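*Asks:* Line order of the protein sequences matches chains A and B. Here the first sequence is numbered in the numbering used here, starting from -13 and rising by one per residue. Here the second sequence is numbered in the numbering used here, starting from -13 and rising by one per residue.
Because the hints were derived from the structure by calculation, they are not lab data. Among the hints, a few may not be true.
The list cannot tell twin chains apart, which means a pair is met if one copy fits it or any two copies do.
With a Cα cut of at most 20 Å, we get these calculated EDC-like pairs of lysine to aspartate or glutamate [claimed, not checked]:
1. K89 <-> E30
2. K89 <-> E115
3. K89 <-> E66
4. K89 <-> E(-3)
5. K89 <-> D27
6. K89 <-> E112
7. K89 <-> E44
8. K89 <-> D16
9. K89 <-> E9
10. K89 <-> E(-8)
Being a predicted model, the structure only gives us computed values, none of them experimental.
There are 2 protein chains.
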Amino acid sequence: MNIWIELENAERGECRPLAAVIESIPWNADGLITAIAQQYDSGEVLMLAWMNHAALSETLHRGQVCYWSRSRQTLWRKGESSGNRQRLVEARLDCDGDAVLLKVDQQGPACHTGRPSCFYNAIHRETVEVITAPLNH
Amino acid sequence: MNIWIELENAERGECRPLAAVIESIPWNADGLITAIAQQYDSGEVLMLAWMNHAALSETLHRGQVCYWSRSRQTLWRKGESSGNRQRLVEARLDCDGDAVLLKVDQQGPACHTGRPSCFYNAIHRETVEVITAPLNH
Chain A
-13 MNIWIELENA
-3 ERGECRPLAA
7 VIESIPWNAD
17 GLITAIAQQY
27 DSGEVLMLAW
37 MNHAALSETL
47 HRGQVCYWSR
57 SRQTLWRKGE
67 SSGNRQRLVE
77 ARLDCDGDAV
87 LLKVDQQGPA
97 CHTGRPSCFY
107 NAIHRETVEV
117 ITAPLNH
Chain B
-13 MNIWIELENA
-3 ERGECRPLAA
7 VIESIPWNAD
17 GLITAIAQQY
27 DSGEVLMLAW
37 MNHAALSETL
47 HRGQVCYWSR
57 SRQTLWRKGE
67 SSGNRQRLVE
77 ARLDCDGDAV
87 LLKVDQQGPA
97 CHTGRPSCFY
107 NAIHRETVEV
117 ITAPLNH
């Protein structure tokens, strides 16, 4: 049986081997799943990015978040050049295994604009408002 | 200039017309952006889904979340059959406009499995553990 259906029907506290679960991830046509980074203590959603098999494996192994950069087509060790690293606190897969939620401890701003979160464009009835400023600005 | 760069360089509190921003959303090859639903008060990340132009417009207009179902290739008015609706409290676009964060008030479980959130598969060192049970189970 499909492991996602097994997990769906499992009781709370039941486990499956990590290797078997990762083996069953339904990577998209580009070999990727979506990753949501959330600050572990405040609950703030920081950014959305992508992971391939290597990025997910490295992240779980090292405990520092590594994405796949779709624009640069390379592994993207978050904060490697900027210092704005994400330490992994907890990771969870969703019900059909094509998205991963990363609870992280973000060092500095998560966004390339210098803002704490990438989600700084608030949608109002008629306008979009920039609701945060870059840190140290 | 690209409106995303304008917003990136805008001061906190600056606005742009909603219509112009939506006009500039970089929909993917299938005409979609990713949508993250987050319970507005607890901060719990509930699910990840997809929206096309019509789904986003309807969601903003009606204040009830509507996604695009990739499996059924149709608008998916969340909770229309199950009753597990998502009332939109706030919506935010990210820095490059290809993801939207929906702060919602979730009625009942968000996940089709009956669990509060779709992210119930916790990744440990060697195993994946189901950490929540379906509601009323």
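*Asks:* Tell me, in ascending order, the numbers of any earlier hints that this structure violates.
*Replies:* 4, 8, 9 and 10
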